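Number of protein chains: 2
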Amino acid sequence: MDLENLLREDFDKIEQYLPREQPFEAGWLELNINENPYPPSRVILDEIKMAINEKLRLYPEPTGKDLRKMISSVFLVDKKTLTNPNNIFIDNGADGVLENIMKTFINPGDQIIYFYPTYGLYKTLSLIYKAKKKEIKLNDDFSIPESAYSLKGKLIFINSPNNPNGKAFSNDVILKICKYFPGIVVIDETYGDFCQTTALPLLKEFKNLIIVRTFSNSFSLASMRIGYAVANDKIIKAMNKVRLPYNVSYLGQIAAISCIKHRDLVFKQNHKIISERKRLSETLSKYNGISVEPSDANFIFVKFSDKSICLKFIWDLKEKKVLVRHISQPGLYQYMRITINTPDNNNKFLDIFDELTKKYL
Amino acid sequence: MDLENLLREDFDKIEQYLPREQPFEAGWLELNINENPYPPSRVILDEIKMAINEKLRLYPEPTGKDLRKMISSVFLVDKKTLTNPNNIFIDNGADGVLENIMKTFINPGDQIIYFYPTYGLYKTLSLIYKAKKKEIKLNDDFSIPESAYSLKGKLIFINSPNNPNGKAFSNDVILKICKYFPGIVVIDETYGDFCQTTALPLLKEFKNLIIVRTFSNSFSLASMRIGYAVANDKIIKAMNKVRLPYNVSYLGQIAAISCIKHRDLVFKQNHKIISERKRLSETLSKYNGISVEPSDANFIFVKFSDKSICLKFIWDLKEKKVLVRHISQPGLYQYMRITINTPDNNNKFLDIFDELTKKYL
Numbered sequence: 611m612d613l614e615n616l617l618r619e620d621f622d623k624i625e626q627y628l629p630r631e632q633p634f635e636a637g638w639l640e641l642n643i644n645e646n647p648y649p650p651s652r653v654i655l656d657e658i659k660m661a662i663n664e665k666l667r668l669y670p671e672p673t674g675k676d677l678r679k680m681i682s683s684v685f686l687v688d689k690k691t692l693t694n695p696n697n698i699f700i701d702n703g704a705d706g707v708l709e710n711i712m713k714t715f716i717n718p719g720d721q722i723i724y725f726y727p728t729y730g731l732y733k734t735l736s737l738i739y740k741a742k743k744k745e746i747k748l749n750d751d752f753s754i755p756e757s758a759y760s761l762k763g764k765l766i767f768i769n770s771p772n773n774p775n776g777k778a779f780s781n782d783v784i785l786k787i788c789k790y791f792p793g794i795v796v797i798d799e800t801y802g803d804f805c806q807t808t809a810l811p812l813l814k815e816f817k818n819l820i821i822v823r824t825f826s827n828s829f830s831l832a833s834m835r836i837g838y839a840v841a842n843d844k845i846i847k848a849m850n851k852v853r854l855p856y857n858v859s860y861l862g863q864i865a866a867i868s869c870i871k872h873r874d875l876v877f878k879q880n881h882k883i884i885s886e887r888k889r890l891s892e893t894l895s896k897y898n899g900i901s902v903e904p905s906d907a908n909f910i911f912v913k914f915s916d917k918s919i920c921l922k923f924i925w926d927l928k929e930k931k932v933l934v935r936h937i938s939q940p941g942l943y944q945y946m947r948i949t950i951n952t953p954d955n956n957n958k959f960l961d962i963f964d965e966l967t968k969k970y971l
Numbered sequence: 611m612d613l614e615n616l617l618r619e620d621f622d623k624i625e626q627y628l629p630r631e632q633p634f635e636a637g638w639l640e641l642n643i644n645e646n647p648y649p650p651s652r653v654i655l656d657e658i659k660m661a662i663n664e665k666l667r668l669y670p671e672p673t674g675k676d677l678r679k680m681i682s683s684v685f686l687v688d689k690k691t692l693t694n695p696n697n698i699f700i701d702n703g704a705d706g707v708l709e710n711i712m713k714t715f716i717n718p719g720d721q722i723i724y725f726y727p728t729y730g731l732y733k734t735l736s737l738i739y740k741a742k743k744k745e746i747k748l749n750d751d752f753s754i755p756e757s758a759y760s761l762k763g764k765l766i767f768i769n770s771p772n773n774p775n776g777k778a779f780s781n782d783v784i785l786k787i788c789k790y791f792p793g794i795v796v797i798d799e800t801y802g803d804f805c806q807t808t809a810l811p812l813l814k815e816f817k818n819l820i821i822v823r824t825f826s827n828s829f830s831l832a833s834m835r836i837g838y839a840v841a842n843d844k845i846i847k848a849m850n851k852v853r854l855p856y857n858v859s860y861l862g863q864i865a866a867i868s869c870i871k872h873r874d875l876v877f878k879q880n881h882k883i884i885s886e887r888k889r890l891s892e893t894l895s896k897y898n899g900i901s902v903e904p905s906d907a908n909f910i911f912v913k914f915s916d917k918s919i920c921l922k923f924i925w926d927l928k929e930k931k932v933l934v935r936h937i938s939q940p941g942l943y944q945y946m947r948i949t950i951n952t953p954d955n956n957n958k959f960l961d962i963f964d965e966l967t968k969k970y971l
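These protein sequence lines are chains A and B, in that order.
Reading the first sequence from the start, the letters are residues 611 to 971 in my numbering.
Reading the second sequence from the start, the letters are residues 611 to 971 in my numbering.
No lab work stands behind these hints, which were simulated from the structure alone.
Treat the numbers as computed from the prediction; the structure is a model and nothing was measured.
Check before you lean on any hint, since a few could be wrong.
[Stated by the list, open to error] Straight line, CA to CA, 25 Å or less: simulated SDA-like cross-link-like pairs of lysine to any residue:
1. K882(B) x Y669(A)
2. K851(A) x L737(B)
3. K871(B) x R652(B)
4. K930(A) x K679(A)
5. K888(A) x S780(A)
6. K764(B) x L639(A)
7. K659(A) x A661(B)
8. K679(A) x Q632(B)
9. K882(A) x L668(B)
10. K665(A) x K764(B)
11. K743(A) x K713(B)
12. K740(A) x L971(B)
Could you put the whole structure together from the sequences, leaning on the hints where they help?
Laid out in structure tokens, this is it:
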């Protein structure tokens with residue numbers, strides 16, 4: 611048997627989405643992945659522990675009923691948006707939700723639009739689902755170019771706040787796209803809880819809009835793989851038709867419910883991240899030849915006047931066991947993306963960074 | 611916007627895989643879903659609890675490295691099969707593995723073959739991935755008809771032990787299919803740990819063979835969504851290319867590792883299920899007009915001489931809060947599928963069943 615002949619068409623063209631570099635020993639400061647530095651609160655951990663019982667033998671509730679109820683009645687209720695459990699779809703992380711959107715709407719050859727730079731999975735999914743893909747280059751300040759408002763296509767992915775620069779797009783911009791775009795508009799608000807901007811209120815007006823959110827980052831549950839979509843109930847019904855019957859683990863559902871119940875504790879931790887984001891941005895901006903993009907996320911995108919200096923910083927940081935994200939792609943070589951951590955760890959990073967400025971700037 | 615026009619082609623043709631009926635109050639005896647009646651042992655629950663800590667904030671190890679090592683070095687080592695971690699692929703339940711196989715190999719229009727009756731997801735996946743599907747009717751004794759050995763296609767799904775009848779196909783049969791079938795042969799051994807028959811040893815000989823297994827049933831972890839595939843490393847590498855980057859939860863990986871570590875406890879529980887399967891089969895076979903199919907799984911398929919009597923039993927059982935599975939499909943109306951439970955619950959079922967025999971037989 612020749613395996614190559616059995617693989618699906620265009621298999622070689624698929625570019626695998628590769629997770630970030632991960633050190634396998636302790637002692638590293640990992641600022642290269644956008645995890646929350648604060649673990650779930652003790653009370654949340656205790657509630658998850660309580661659920662480790664004889665029920666583990668059972669299949670999870672297949673529709674995430676209790677979690678959908680909790681999201682709609684508690685989390686969404688003050689967001690001026692759709693608040694019926696039938697407007698919510700649960701899947702295996704935001705990534706699972708994004709893939710299900712592909713399965714629901716995309717035929718081979720359908721036009722998918724996303725911006726550059728942005729989250730890499732949109733491209734990978736477009737390749738896997740054999741869509742035609744159009745990458746629209748963002749302006750130098752990472753805003754959406756005027757040309758985007760006349761685009762046609764089946765689906766557009768918008769990451770807001772956008773990874774890697776961190777800025778959320780305003781609802782004026784999203785509204786304009788929803789109005790003119792003839793297909794499905796997906797706003798991926800993976801980092802949406804680190805700012806006040808959200809497209810959730812637009813859902814009442816636009817039936818072609820899907821908002822994707824996750825418990826991974828703002829709720830410190832990356833390990834558990836819980837994401838959700840909010841949209842028109844017809845879209846949610848269609849998405850349910852093509853998902854796997856038991857797509858989300860029982861403990862994931864329990865953990866997410868507990869996080870919403872104790873959201874005040876969660877938001878208190880996130881406030882610290884937001885104030886640290888401000889502090890790091892201000893501190894780093896003071897160096898000559900360094901600027902920091904405005905961020906609404908739990909990371910900042912730091913620009914060096916020179917690509918080679920940026921790389922020297924990254925190498926030296928790595929020698930000190932500090933990992934930041936370098937995106938080796940056109941136009942991005944002189945940037946590093948830094949995830950906001952606890953004040954202590956941020957100080958550790960700033961100290962090392964300051965040493966390097968003396969060496970290289 | 612007209613949503614119907616935005617849905618992918620053939621959306622209406624997809625038949626959603628619907629999970630079984632689930633009562634929402636306590637007090638029901640659910641013999642309609644093939645869950646393990648024994649919860650994970652105390653020591654396994656404790657090891658999962660130990661993992662409920664600050665690590666929940668982190669993304670899971672993306673390749674299931676430790677779990678793959680554990681499966682290959684401990685679980686597979688005495689199975690005369692491939693035993694390298696690179697021969698193992700982890701996903702979100704056996705269902706997740708099956709879907710990833712589709713993503714790896716299937717183009718729209720490719721021929722997929724599966725038997726009838728069998729696990730319903732093969733049909734649903736064929737529809738979602740727009741494959742041509744061919745359902746081959748099993749013989750009346752649920753054996754594979756001779757015609758199956760000359761079939762051509764891209765992929766064949768074989769559930770062994772087969773749901774709903776419960777019998778595993780012998781390796782002579784599987785070997786013959788592997789030899790003649792020009793595409794990928796998928797043996798779904800979801801219920802494979804309830805018998806000695808497994809196609810795992812054939813992996814050394816056949817590069818087109820994929821064995822799918824799960825921790826849901828025999829390891830009592832249905833809640834956690836952990837399945838895996840064992841196959842040639844080239845197949846595993848290809849499957850990794852199209853899966854989502856973080857497809858399996860951290861706690862799922864921890865729980866599965868713990869189950870393998872304490873497999874002796876798990877197998878002891880499963881021995882009880884196997885001996886109860888024998889007892890139930892023998893007891894039910896004694897009634898006039900009732901026969902029981904030979905089973906290698908954790909369920910039995912019980913045949914009534916008359917369809918309407920079968921339905922009367924099912925209705926009356928339901929009135930007594932006992933659920934069994936009725937598969938309302940051609941040729942299967944006179945059967946009920948019963949999941950093996952604990953001796954006490956099985957006795958409860960047998961008592962009610964015996965009453966009904968006096969009423970209806």
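Do the hints match the structure? See the list:
At roughly 21 Å between alpha-carbon atoms, K882(B) and Y669(A) fall within 25 Å of each other, so this suggested pair holds. The suggested pairing of K851(A) with L737(B) holds, with an alpha-carbon distance near 11 Å, which does not exceed 25 Å. Between K871(B) and R652(B), the direct Cα distance comes to roughly 13 Å. Compliance with the 25 Å bound is thereby established for this hinted pair. Pair hint K930(A) plus K679(A) does not hold up; C-alpha atoms about 46 Å apart against a cutoff of 25 Å.
As the CA atoms of K888(A) and S780(A) are separated by approximately 20 Å, the hinted pair is consistent with the 25 Å bound. At most 25 Å may separate the alpha-carbon atoms for a hinted pair to count; K764(B) and L639(A) exceed this at roughly 47 Å. At roughly 9 Å between alpha-carbon atoms, K659(A) and A661(B) fall within 25 Å of each other, so this suggested pair holds. For the suggested pair K679(A) and Q632(B), the alpha carbons sit about 18 Å apart, so the restraint of at most 25 Å is met.
For the hint pairing K882(A) with L668(B), the CA-to-CA distance comes to about 18 Å; that is within 25 Å, so the pair holds. Taking the CA atoms of K665(A) and K764(B), the gap is near 39 Å; set against the 25 Å cutoff, the hint is violated. Taking the CA atoms of K743(A) and K713(B), the gap is near 19 Å; set against the 25 Å cutoff, the hint holds. In summary, the hint linking K740(A) to L971(B) is not supported, as the alpha carbons are separated by about 58 Å, beyond the 25 Å threshold.
Hints 4, 6, 10 and 12 from the list above are not met by this structure, while the remaining hints are.
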